[in-house]
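There are 2 protein chains.
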Amino acid sequence: MSALPTPVRAPEGAPSAADVHRTLERCRALVAPALRDAVAGTHPWVGEMAAYSFGWCEVGGAPSRSSGGKGVRQALAVLGAEASGAPGGAAVRGAVAVELVHAFSLLHDDIMDGDESRRRRPTVWKAYGTGPAVLAGDALFALAVETLADAGAPAMRLLSRALRDLVHGQADDLLFASRPWTGPERVRLREYRTMAEHKTGALLGCAVALGAALGGAPPATVAALDRAGRHLGVAFQAVDDVLGIWGDPAVTGKPVHGDLRERKKTFPVLAALDSPAAGRLSALLESSAAPSEIADLIDRAGGRTATLAEARHQAAAARAALDTVPLAPGPAAELRSLLDFVIRREQ
Amino acid sequence: MSALPTPVRAPEGAPSAADVHRTLERCRALVAPALRDAVAGTHPWVGEMAAYSFGWCEVGGAPSRSSGGKGVRQALAVLGAEASGAPGGAAVRGAVAVELVHAFSLLHDDIMDGDESRRRRPTVWKAYGTGPAVLAGDALFALAVETLADAGAPAMRLLSRALRDLVHGQADDLLFASRPWTGPERVRLREYRTMAEHKTGALLGCAVALGAALGGAPPATVAALDRAGRHLGVAFQAVDDVLGIWGDPAVTGKPVHGDLRERKKTFPVLAALDSPAAGRLSALLESSAAPSEIADLIDRAGGRTATLAEARHQAAAARAALDTVPLAPGPAAELRSLLDFVIRREQ
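Sequence order for the protein chains is A and B. Mapping of the first sequence onto the working numbering: position 65 corresponds to residue 65, and the numbering continues sequentially without gaps. Just add 347 to wherever you are in the second sequence, counting from 1, and you've got the working numbering.
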């Protein structure tokens with residue numbers, strides 16, 4: 001088993017993880033009351049499933065010690081407003097909406113992907129049943145729309161574009177599974193990149209752009225922040241793919257070589273299939289070869305290196321997008337730190 | 348097997364079914380291009396599932412001879428605008444949104460309820476799998492939001508209120524299944540009425556109110572039309588419940604006594620459980636008694652009569668709501684005919 005990779009090293013003098021955790025906590029404190037209010041307004045049964053998915057309670061409603069998610073999307077929304085010179089409070093309903101959409105998409109994706117655990121707990125469909133989980137996802141989706149119903153057309157357009165992209169990305173991801181490893185029908189890296197932008201980047205871009213839009217930022221700023229979030233999403237996915245093969249299960253909470261056991265078409269695999277090792281690799285992937293053997297071949301064929309290079313390239317593009325528009329220095333620095341943090345994936 | 352009931356007889360001199368079919372066809376022709384455009388803009392795989400659910404194609408994409416739905420919701424939206432003095436075209440995006448939401452809710456409800464056929468064809472989850480059907484529903488939901496993103500806050504508020512009510516109604520409907528037939532935890536008629544208003548009435552009310560709002564109607568008109576649609580929904584559900592027990596399978600396309608085979612808690616059953624026959628009826632419902640025997644007892648206990656009275660009462664309330672505001676006479680007459688038609692359920 002390889003050590004946990006550190007794909008994007010923290011630059012000298014960069015803000016520490018503690019600084020980023022302070023940012024995340026500050027934004028969480030600002031958004032949490034509105035998020036809890038939104039969830040409390042839905043049907044009690046559905047509300048319990050939603051609260052469970054946020055890590056607020058266990059099945060039955062007892063308080064949970066689960067950590068929940070990091071709240072990256074709500075923080076991006078708050079920082080988007082602040083970087084545009086508005087108070088973070090201007091972004092709260094946008095932050096609530098993107099956290100609700102994120103929870104909705106995890107909930108439904110877990111059903112579609114058949115994933116039985118998330119953040120070391122049973123997924124909602126596993127804990128409550130498939131039908132109720134479909135309904136809970138729908139409820140979160142509806143709440144997100146309701147939260148932004150009064151926020152004006154630019155905000156609704158950002159949200160609905162992200163929703164469209166999420167669906168598109170999930171559809172492509174599901175369809176990739178049935179395509180061959182080699183030949184003209186194989187999944188190309190650029191298709192994978194587009195899928196990752198849709199499935200992961202669109203909502204990150206929406207979060208920070210929505211914050212800016214609600215903070216009154218001009219369209220050029222909104223668009224630049226959206227682009228930054230989309231690049232961040234692809235970078236995140238690339239790092240996630242490396243961790244899905246070579247990550248330390250004690251840190252990731254996922255089984256070692258999990259993505260290879262499931263024969264997932266991830267970036268490192270697709271990159272290695274573009275190398276001279278493609279023939280040997282596809283034969284291994286179609287055999288019952290041990291995941292460790294496949295992982296080693298992908299590594300030797302340059303799949304890991306190419307994926308980390310992709311993450312660095314996308315992270316640089318995200319930073320470059322932020323450089324194209326004037327932003328308030330303090331929040332912009334926090335935004336950059338959060339961006340680095342998301343890609344480093346420190347726990 | 349009893350004959351098909353005619354719960355609400357057509358009044359003397361009332362418009363014929365042919366008139367209503369002309370209205371439905373006129374509205375369908377006005378809305379269809381925008382609805383097809385919206386669906387064409389989504390992911391092709393998801394778009395095929397959506398087209399299948401509308402009855403436009405078969406699995407694989409071949410054109411279908413299926414009739415699809417009647418298009419009542421799109422017609423309500425168009426007539427809502429016209430009754431407010433606007434051209435029907437003003438309502439088109441609202442009509443598209445409510446048809447998309449209706450299709451989304453059928454798609455996900457069929458998963459939750461485990462229903463394997465709809466309009467004499469396999470349901471989407473049965474034809475394409477549960478995961479893909481969840482995604483197709485999400486896509487239709489997202490398209491509905493996108494369709495209205497630019498339509499302004501009043502329209503978005505109407506849509507999001509209907510979405511919230513849909514979720515609420517579906518949650519209650521699912522939970523009713525596990526409640527007892529008798530005792531303090533039994534489902535009361537007023538709870539059932541509220542569930543029906545949420546599950547069926549909210550979107551009918553939203554349709555006609557949205558048409559009026561997009562047509563520039565004052566808030567009082569929008570609210571009155573919303574109320575009319577909600578009463579219509581409860582009336583519709585009551586008639587549906589009668590047909591679900593005593594309807595002619597050749598006309599309804601559903602198995603005889605279907606709702607009783609599944610021991611569904613519908614209005615006629617709940618009304619009969621409020622009668623002195625409650626003890627005998629609950630014993631039958633908990634036994635393996637033949638549905639025909641249960642149906643006869645419900646009828647003798649007054650369940651059918653009470654349900655038809657409920658339908659008439661709700662239909663009258665819908666008409667009364669229309670009488671509270673000034674409406675353009677021609678479209679208002681078409682609206683009243685459509686309302687009678689929906690409750691009579693002529694095929």
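Just so you know, these hints were derived from the structure itself, not from any lab. Be a bit skeptical, because a hint or two may be false.
[Claimed, not checked] Some but not every residue of chain B turned toward chain A, in silico, with C-beta under 10 angstroms:
#, residue
1, 384
2, 452
3, 486
4, 494
5, 521
6, 663
Quick reminder that beta carbons are idealized off the backbone N, C-alpha and C, glycines included.
To see whether the hints hold, each was checked on the structure:
Hint on residue 384 of chain B is violated. Least Cβ distance to chain A is approximately 14 angstroms, over the 10 angstroms limit. Hint status for residue 452 of chain B: holds, given a least beta-carbon distance of 8 angstroms to chain A, under 10 angstroms. A hinted interface residue such as residue 486 of chain B counts as satisfied when its beta carbon comes closer than 10 angstroms to some beta carbon of chain A; here the least separation is about 4 angstroms, so the hint holds. Because the closest C-beta pair between residue 494 of chain B and chain A is about 9 angstroms apart, less than 10 angstroms, the hint holds.
For residue 521 of chain B, the shortest C-beta to C-beta distance to chain A is roughly 7 angstroms, which falls under 10 angstroms, so the interface hint holds. A distance limit of 10 angstroms between C-beta atoms decides the matter here; for residue 663 of chain B the minimum to chain A is near 30 angstroms, and the interface restraint is violated.
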